[in-house]
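Listed below are the residues making up each chain.
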Amino acid sequence: MVDLSINCAGIKSPNPFWLASAPPSNSAYQNCKAFEQGWGGTVWKTIGEPVMNVFNRYGGLDFNGQKIFGLNNIELISDRPIEVNLKEIAETKKLWPDRAVVVSLMVESKREIWHEVVKRTIDTGCDGIELNYGCPHGMSERGMGAAVGQVPEYCKMITEWVTEVSTIPVIVKLTPNISNIQLPARAAKAAGANAISLINTINSIIGINLDTFELKPNVGGLGGHGGYAGPAVKPIALHLLSQVAIDPEVNLPISGIGGVSNWRDALEFILLGASSVQVCTAVMHYGFRIVNDMIEGLSNWMESKGFTSLDQVRGKSLPQINDFGNFDLLNRTIARIDQTKCIHCNLCYIACEDAAHQCIDLTPVNGHNKTEVREKDCVGCALCSLVCPVEGCISMVRIDDGSASKTWNQLIADFKNSGRPLTWEALAEFQHKHGIEIH
Amino acid sequence: MKNIAPKLPIEEYEKNFADLHPPLTPNSAVAEANRCLYCYDSPCMKACPTHIDISTFIKKISTGNLLGSAKTILESNWIALTCAKACPVDELCEGACVYNEKGEKPIEIGKLQRFAMENYFAKGSPQLFNKATRKNKSVGIIGSGPAGLACGAELSLLGYDVTIYEANKIPGGLCTWGIAPYKMRREDSLKEVALVKSFGVEIKTEMMVGKEIKVDDLIKKHDAIFLGVGLGESPQLSVTGEHLSGVIGALEFIEKVKTENWKDVPVGKRVAVIGAGNTSIDAATEAKRLGAEQVFIIYRRSEVEMSAYEFEYELAKRDGIVFHFLTAPKKIVGEKFVEGIECLKMKLGELDNRGRRRPVSVPGTEFTIPVDMVIKAIGQETKSSFLSSIPNLTLDPDGCVIVDYNTFQTANPKIFAGGDCINGGKEVVNAAYDGKRAAHGIDSYLSNQTKGGN
Chain A
2 MVDLSINCAG
12 IKSPNPFWLA
22 SAPPSNSAYQ
32 NCKAFEQGWG
42 GTVWKTIGEP
52 VMNVFNRYGG
62 LDFNGQKIFG
72 LNNIELISDR
82 PIEVNLKEIA
92 ETKKLWPDRA
102 VVVSLMVESK
112 REIWHEVVKR
122 TIDTGCDGIE
132 LNYGCPHGMS
142 ERGMGAAVGQ
152 VPEYCKMITE
162 WVTEVSTIPV
172 IVKLTPNISN
182 IQLPARAAKA
192 AGANAISLIN
202 TINSIIGINL
212 DTFELKPNVG
222 GLGGHGGYAG
232 PAVKPIALHL
242 LSQVAIDPEV
252 NLPISGIGGV
262 SNWRDALEFI
272 LLGASSVQVC
282 TAVMHYGFRI
292 VNDMIEGLSN
302 WMESKGFTSL
312 DQVRGKSLPQ
322 INDFGNFDLL
332 NRTIARIDQT
342 KCIHCNLCYI
352 ACEDAAHQCI
362 DLTPVNGHNK
372 TEVREKDCVG
382 CALCSLVCPV
392 EGCISMVRID
402 DGSASKTWNQ
412 LIADFKNSGR
422 PLTWEALAEF
432 QHKHGIEIH
Chain B
365 MKNIAPKLPI
375 EEYEKNFADL
385 HPPLTPNSAV
395 AEANRCLYCY
405 DSPCMKACPT
415 HIDISTFIKK
425 ISTGNLLGSA
435 KTILESNWIA
445 LTCAKACPVD
455 ELCEGACVYN
465 EKGEKPIEIG
475 KLQRFAMENY
485 FAKGSPQLFN
495 KATRKNKSVG
505 IIGSGPAGLA
515 CGAELSLLGY
525 DVTIYEANKI
535 PGGLCTWGIA
545 PYKMRREDSL
555 KEVALVKSFG
565 VEIKTEMMVG
575 KEIKVDDLIK
585 KHDAIFLGVG
595 LGESPQLSVT
605 GEHLSGVIGA
615 LEFIEKVKTE
625 NWKDVPVGKR
635 VAVIGAGNTS
645 IDAATEAKRL
655 GAEQVFIIYR
665 RSEVEMSAYE
675 FEYELAKRDG
685 IVFHFLTAPK
695 KIVGEKFVEG
705 IECLKMKLGE
715 LDNRGRRRPV
725 SVPGTEFTIP
735 VDMVIKAIGQ
745 ETKSSFLSSI
755 PNLTLDPDGC
765 VIVDYNTFQT
775 ANPKIFAGGD
785 CINGGKEVVN
795 AAYDGKRAAH
805 GIDSYLSNQT
815 KGGN
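Heads up: the sequence lines are chains A and B, in that order. Here the working numbering runs 1 ahead of the position in the first sequence, where the first position is 1. Here the working numbering runs 364 ahead of the position in the second sequence, where the first position is 1.
So that you can see chain B by itself, here it is in the shape it has in the complex:
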């Protein structure tokens, strides 16, 4: 990179990456819990993809039954601390809180869940669940992200021997590596990993399936396989200059930030982030908080079509991110290093096949923004080459693994899948749900096999 943003004093980094939403104090948690109406068959519970019995866990906070509260949460969701911190609660549980309809502030469900889960981990994760009798059957799980962990935890308690294969040195997948540090630190994700391990799940790290162990061997070794492999790299922008030093994929950049060695993460003085999804916002705000002087988000469509949540957009604006809507990158300018990005203004045309208005370039509107770094955040590709190495999987046109949504079984009966690799990229909470449900899919598959005498 040509112009690297000057390093900040260490306190400045810590301030910039401190909790965006500080935790509730014991007093404020009980006060907030008491405000909950204790709805029956509550809308918040229905809005939660894992259907946590929210009003019950909140009631338990109000009576001081904090272990019981954590148990209620974990019964539905093994990735509960991450979800408490990273879930888009405005869109899910808190958005469904009946107080919204009453014209009052919704219950701070995310913060209450965090309170219960942090207390649980602070107490040393006491064992709340009994394991079923050992079934002498083994399941191999590929990927230790939220889907894999949830599946592993559930299967382990059902009595299966579970091994998770993880390519990275540190497990946890996107919970460990992909969540902005001001929302959640790596150590929180690792507490959840440790909890899952405490049920007897073995996690083999630096074990890339297809490299360190062959896919076929893995399938032979286990009675069933769960794929929780997530997604892969950012796709190519396919513009000239993409090879220049200073161009980086959003996830790769965020992963560097998540090492928490703030001053070792190279960031340009002026940064352009391409795309306007939630990951783009994360990358942009993280670059700003690392010391970038100017950060731009460049997006082909308008504010209306942008996929980032409202609260993420607000955060970006608060951080001083400059948005260039109806703007597409045409060329990354520079000799060896990124020196600027040449853009073209767009206008919205006809609807595309997803019902969004297609951006159309306006000729002669080229302009160049001088930048030192370009972060590509236009989504993630599926791990197509890896998925194609697994026998008898079927993929949808977007490259996602097709499963039966009741059992999460793929076209290959021995193989199940969940999380981003089946949905193309959703929330942690969706992956947590998929993994848990898939465990039951696997359980009924293997139980039927036993009954059938195979």
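Here chain A stands alone, though its shape is the one from the complex:
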């Protein structure tokens, strides 16, 4: 039997799927509906200072006919009074005791204001607090959101104001709009945070209307940067998540966010160390119902792999994260094309020819083009296998026997020890010795 339940810094939920603090988690109606459909938890849309939204808030990035490959927004924190929110939070938690109800907070950077809002929030009976240090628009200009997340000192100071009064777990949500994500994460840790969540949205301009020259979204002729989210940001989120997860100075549970659309995406976050995963854009596109496949797909995958608990899965890919200098230069793979599967689209050929290393030959055979890899010239870059539309047609095959191995760091050390300078000639000699020809 597969157990999907998780415990993220003491916040428990029957599955790892939480709504992110965003439009879908705006109200009791929405959060209760989400719970009915199976969501394990919610991070209530950020409550705090009085705000007022503009009417046109979202811009979509479509890709080759696929809608909302990316989504940006200029919506602010909850535009409903804090009293209404707190009342609904309390009611929701009462109705759904087994689900995680976390409340996202953002108020003015004053100690007593933070103390007051934290206390009022705890009184709702919620399971945790998430500090919104990420919102990149509207709030940051008022010295909140990303304006805090981008300055580790502010991050530490405000987190301390919260942790000194909080009796429930505190999660710090980080902005990706920063050059080193580890610094605010460490600041949060130093201030006593119980967990990190990331990423918030990325600063973006989603597009321009080619007829009117207006930005999207367009508010009465004006536009500006908004927060970018959706499937397109997932790789960035995974990277930043991994940076926090491998930092020994942080070592906190993580709630992963950024472009999670289905159980496969969620699993990638979990494999890189996330305890829970938060979802927004996919719900904004398709509704709460997507959680059904997320739960079922993850369970089926776990069962097929023989896992019974997410503890066995979490962080499983982290040990593989390493520096380029430690990669084996002599681990050689080349592309092989399965001619029986080839459909003769020649996309591998043109990609290799124009954009890689010109090592696929195109020869006319029976009215088709036969594509063949010239193996001695193939550098194993894998581009052809990526453009190939047929599953399993081009595979990357390892051709070295594993007897020799040398990383860049080792190679540099060898040169240093032998007193030889690293020159192109010396490098060519090394390559030649190992049968590597670079054209």
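None of these hints come from the bench; they were simulated from the model. One should not assume that every hint holds.
To be verified - One side of the interface only, derived from the structure: several residues of chain A facing chain B at Cβ under 10 Å:
id : residue
1  : N65
2  : K342
3  : Y350
4  : I351
5  : N370
6  : P390
7  : G393
8  : I400
No residue lacks a Cβ here, since even glycine has one placed at the ideal position from N, Cα and C.
Please arrange chain B on chain A, whose structure you already have, making use of the hints.
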């Protein structure tokens, strides 16, 4: 005709002759275009006789560059709208789409090409091509079908003065007169004619060469001649009763349908179509759609040997056409009007010189199908008498003009030819290719002449 099929309400005709395949909407066109893999040196392009750069024009649809898409298409094929609607795409581009090999539905190339071309014509056929400097040489083209139009368009852009001589009152040849209306209407063909004219090509209609103008005069008048005369009449069945009222050639019948005056086209209550090629299917389905109660296709050989494409056969069956395979007409029965057709069962014997099993009659198997109309669709004869009036042409045993397939030059160096008159009857797309290639053959012939100082 004795029993004429009752006339249908006008809406019924319009329904029967409405587009068999409705056009793509802008949304569905972009969705379909996005499905295209954008193959390099694509198999669809190779399968197209005119080698349209299909994946490129489709890519342009996906980005909203519709004019660019039309330009890519027209660069290879001047008869692109007709081809989009009338090409046997299953046999050509779509049949070659890599998705077939992937086990998925091929890209709807024909419909996408139609989308791009209809948009182009709807935008008023904006000028996309520049004309070369005028060369002060003239080319006469006989026939304004797809081969002649393609040749004329290309030559005109190369800088030649082009005159097309057309016997009919309305130009376009088989594109105008020979394509089933549920595939394409006459007005579409005329849009292509207008496009070619917009390049400066002059089309003289009701100008039958050999009648209104002498062949010799024409040859003298122009620096080169292109023959795009197509084929002629249906051959005789050579059975008794062929002269009866109600016997008609398939092309003559289809041409009447193409006037789009549906109720004025006489059609029998019961119709027999002789032959099982693509034209036979057109004639049979058109007769049915005009209100014939029963339509039979009578064919000497079996389903396997029939030259009609699979999709045409399916269409005929859907229209309720009854096929009599291994059946040959022996006699058309009737006093003054067709009353029936007496047939004889056949069996397949030895291979003939084309590798098809020869049908052999089975004695004593005569039977009569009562019909009111007989449509002869057993192919077309070449225009042998006209072709023999042109000096120094050589013809193959089937009566087709022999050309050099690189230049489309005939044995008479001044005369070039393409389309059905050289291939005995192929697709519009083949004629479009021939005409365009021949234009380049003519160009290099005339350029060499200039260099030689003749």
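- Query: Can you give the numbers of the hints that this structure goes against, from lowest to highest?
  - Reply: Failing hints, ascending: 7 and 8.
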